[in-house]
Amino acid sequence: MVRLFRVSKIYPPNYAALADIHLQIEKGEFVFLNGPSGAGKTTLLRLLFREEEATEGQIIVNGRNITRLNGGAVARLRQELGLVFQEFKLLPTLTALENVALAAEVVGTPRREGRKKAFHLLRELGLKDKHDCKPPALSGGEQQRVAIARALVNDPILVLADEPTGNLDAEMAEETMRLFLRIHEQGTTVVIATHDTGLLQRFSHRVVYLQRGRLVGDSKPADGERSA
Amino acid sequence: MRLTQTSFVFRRVLKSLKELFWTHILTSGTMAMTLFIFGGFLLIQENLHGLLRGWGSQVQVFVYLEKELAPEELDQLLKQVRSYPDVERVRYVSKTEAWEKFKQTLGAQAGVLEGLKADILPASLEIALKGPHRTRAAAEALAQRLRGLRGVGEVEYPEEWVEKLGLLVLGIQWAKWVLGGFLFVATLLIVGSTVRLAFLARRDEIEIMQLVGAPAGLIKAPFVIEGMIQGVAGASVALFGLWLFFLFLHDRIPASFGVFAPGGGLHFLDLQGSVVLVLLGWAMGTGGSLFSLRQFLKRWSG
Ligand SMILES: Nc1ncnc2c1ncn2[C@@H]1O[C@H](COP(=O)(O)OP(=O)(O)OP(=O)(O)O)[C@@H](O)[C@H]1O
Ligand SMILES: [Mg+2]
Chain D
1 MVRLFRVSKI YPPNYAALAD IHLQIEKGEF VFLNGPSGAG KTTLLRLLFR
51 EEEATEGQII VNGRNITRLN GGAVARLRQE LGLVFQEFKL LPTLTALENV
101 ALAAEVVGTP RREGRKKAFH LLRELGLKDK HDCKPPALSG GEQQRVAIAR
151 ALVNDPILVL ADEPTGNLDA EMAEETMRLF LRIHEQGTTV VIATHDTGLL
201 QRFSHRVVYL QRGRLVGDSK PADGERSA
Chain X
1001 MRLTQTSFVF RRVLKSLKEL FWTHILTSGT MAMTLFIFGG FLLIQENLHG
1051 LLRGWGSQVQ VFVYLEKELA PEELDQLLKQ VRSYPDVERV RYVSKTEAWE
1101 KFKQTLGAQA GVLEGLKADI LPASLEIALK GPHRTRAAAE ALAQRLRGLR
1151 GVGEVEYPEE WVEKLGLLVL GIQWAKWVLG GFLFVATLLI VGSTVRLAFL
1201 ARRDEIEIMQ LVGAPAGLIK APFVIEGMIQ GVAGASVALF GLWLFFLFLH
1251 DRIPASFGVF APGGGLHFLD LQGSVVLVLL GWAMGTGGSL FSLRQFLKRW
1301 SG
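Same order as they appear, the protein sequences are chains D and X. Sequential numbering from 1 applies to the first sequence in this note's numbering. Sequential numbering from 1001 applies to the second sequence in this note's numbering.
Please keep in mind that the hints were generated in silico from the structure rather than gathered at the bench. Think of the CB as a built atom: it goes at the ideal place given N, C-alpha and C, for glycine as much as any other residue. Accuracy of the hints is not assured; some may be wrong.
Calculated cross-link-like contacts (lysine to any residue; reagent style SDA-like; alpha-carbon spacing at most 25 Å) [stated by the list, open to error]:
# : chain 1 : residue 1 : chain 2 : residue 2
1 : D       : 134       : X       : 1011
2 : X       : 1015      : D       : 175
3 : X       : 1130      : X       : 1144
4 : X       : 1103      : X       : 1068
5 : D       : 116       : X       : 1103
6 : D       : 134       : D       : 200
7 : D       : 117       : X       : 1103
The following residues of chain X were derived to be distant from chain D, with all beta-carbon distances above 10 Å [as the list claims (entries may be wrong)]:
#  : residue
8  : 1007
9  : 1072
10 : 1074
11 : 1164
To give an idea of the interface, some chain X residues facing chain D are shown, with a C-beta separation under 8 Å as derived from the structure [to be verified]:
#  : residue
12 : 1006
13 : 1009
14 : 1010
15 : 1204
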C-alpha cells in the first residue's frame, strides 16, 4: 500500500526533517506514527498526500510512484485518500452535512448522492441529530467525527490522520480512536500520527517510531497481543 | 467537466457575487470606465474616419464662377469639365442655392443675414474626382486646367484639410492604444485584486477542496467565470454609457454639421466596434482572473 525508499526531506535552507526513511505498510494495516515533537511525523504524512515533495528517495502509494506528479495526478491521488487533522479543518459556515457532502461533490459525485452518503456516514458516526449543526455549535469530539465522515465519504483506501485526538479530552480521544479501528476493520489501511504514548499502549498496533527525522523503531505486536 | 461540477461551479459563482457584491460592482465599474474611454476614442475615430471618407468621395474641387453665366455658357462649361477623364461628377450650385444652403447652415442664427442681398455668394461647380485621381497632385493638376477656363474665378480643393484631418485621426488612433493600453493594465491589476479578495474569502474552502482531491479546473472555474461576468457586464455598461454620450453629442451638434459630413452626421459604433468592446471586457475579466490565479495557486500543489 505504502512504500518509502530512502526518503529524505530537507526544508530550506538545510534542515533535514526526515532522513533516509525506509518504510513499508501493507494493505489493511493499522499503523501509529510516533515520536517526540519535531520528529517528522507530520512531515511524513504530508509527503504521503503530496503536500510536500520528497527531497530524495521514492514514495509509492497504492502502486503509484508519487515522487513526481503534476497537479492533476495529485488531485487523483488525494481522491483515494482520507485525511484527518488535529484542527478538523471544517468550514464554519456550512452545516455538518454540507461539510461532508462538499468533499463528495467536488470529486464528481452527484449532489444528491453525496448528501445521501454524508447523511448515512454521519448517522453511523453517532451524529444523527447533528447534521444540520454548524461546526461552532459542535463539541470538539463531534467536530472530529464530522471530519472523519468527510475523510470517509469518497471511500478511501488509505486514511491518514495527523494528531486526530490532539484537541480532544481523554474520553473523546479514546472514542475517536475506536472509530479509526472500526474503519480499519472494514479493510481500510489507516496511518495515525500521534505523540500520545498512552493511546498506543491501550491500542496495541504496529508503531513506527521517529526521532529527529530518523526511523528508530518499528514494533509489530504479535497477533495475540492485539486489542481492538 | 461533469454536470454536477458545472452546477457546483455556478452555485459558487452566485454565492460569491452575492457575498462580495460591492467588490464585484466596483470592479465591473472600473472595467466599464476603461472601456468607456477606449470606446469613446473608437467612436470619435470612426466618425472622423467617416467624415474623411465622405469628403474623399464627394466634392474634391470647388470652382467659383466669376458671375452668373447664361444658360448656354453654363452648358458649355459643364460639358467641357465633364469631358475631362479624371472627373466623375459635376454639380452646379446657383447663387440662390448657395444662399439657401448657407442660411440652413447657420440655422437659428440665420437672422444675422438679414439685410444682405441674396446674391452675395458666388455660383459654383462642385467637382468629384474619379477614384484613382483623388490625390492632391491630381486635384492640383485639375485646378490648373480649370483656372484657364472662361468664366472661372477661384478654384479650391480641400485636400490640405483632408490631410490635416487624416493626421488627427491617426493621432486619435494612437492615443486610443496608448491610453487604452495604460488603462487596460491598471484594470487588470484591479481585477487581480478582486480575485485576490474573492480568493482570500474562500481560502479555507479552497484548501479543503484541494485536500480532498478536487481538480484544479473546478477550483479555478468560479473565479474565471466571475471575471468573465464582470468583464462583459462592464463592457455592456460602457456601451450603454457611450450610447448616452452619443445621444448627448448628437442633440448638441448643429444640423449644419451634416454639411461637413456628407455621410449623414454622427453615427454610433458599428456592430464590429461594439463586439470588439465586449470582447475586450471579456478578455480583461478572464485574463485578469487567470493571471492572478496563477500567482495564488502556485503555492498549492493541487
Ligand atoms: N515548512 C517547514 N519549513 C521548515 N521547517 C519545517 C517545516 N515544517 C516542519 N519543519 C520542521 O521539521 C521538523 C519536523 O516537523 P514535523 O511537523 O514533521 O514534526 P512532528 O513530528 O509532526 O512534530 P509534532 O509532534 O510537534 O507535531 C520540525 O523541526 C519543524 O520545525
Ligand atoms: Mg505534527
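So, going through the hints one by one against the coordinates:
| no. | hint | result |
| --- | --- | --- |
| 1 | 134(D) <-> 1011(X) | holds (20 Å) |
| 2 | 1015(X) <-> 175(D) | violated (37 Å) |
| 3 | 1130(X) <-> 1144(X) | holds (17 Å) |
| 4 | 1103(X) <-> 1068(X) | holds (20 Å) |
| 5 | 116(D) <-> 1103(X) | violated (83 Å) |
| 6 | 134(D) <-> 200(D) | violated (32 Å) |
| 7 | 117(D) <-> 1103(X) | violated (84 Å) |
| 8 | 1007 | violated (7 Å) |
| 9 | 1072 | holds (90 Å) |
| 10 | 1074 | holds (84 Å) |
| 11 | 1164 | holds (58 Å) |
| 12 | 1006 | violated (11 Å) |
| 13 | 1009 | violated (10 Å) |
| 14 | 1010 | violated (12 Å) |
| 15 | 1204 | holds (6 Å) |
Of the hints listed earlier, those the structure fails to meet are numbers 2, 5, 6, 7, 8, 12, 13, 14, in rising order.
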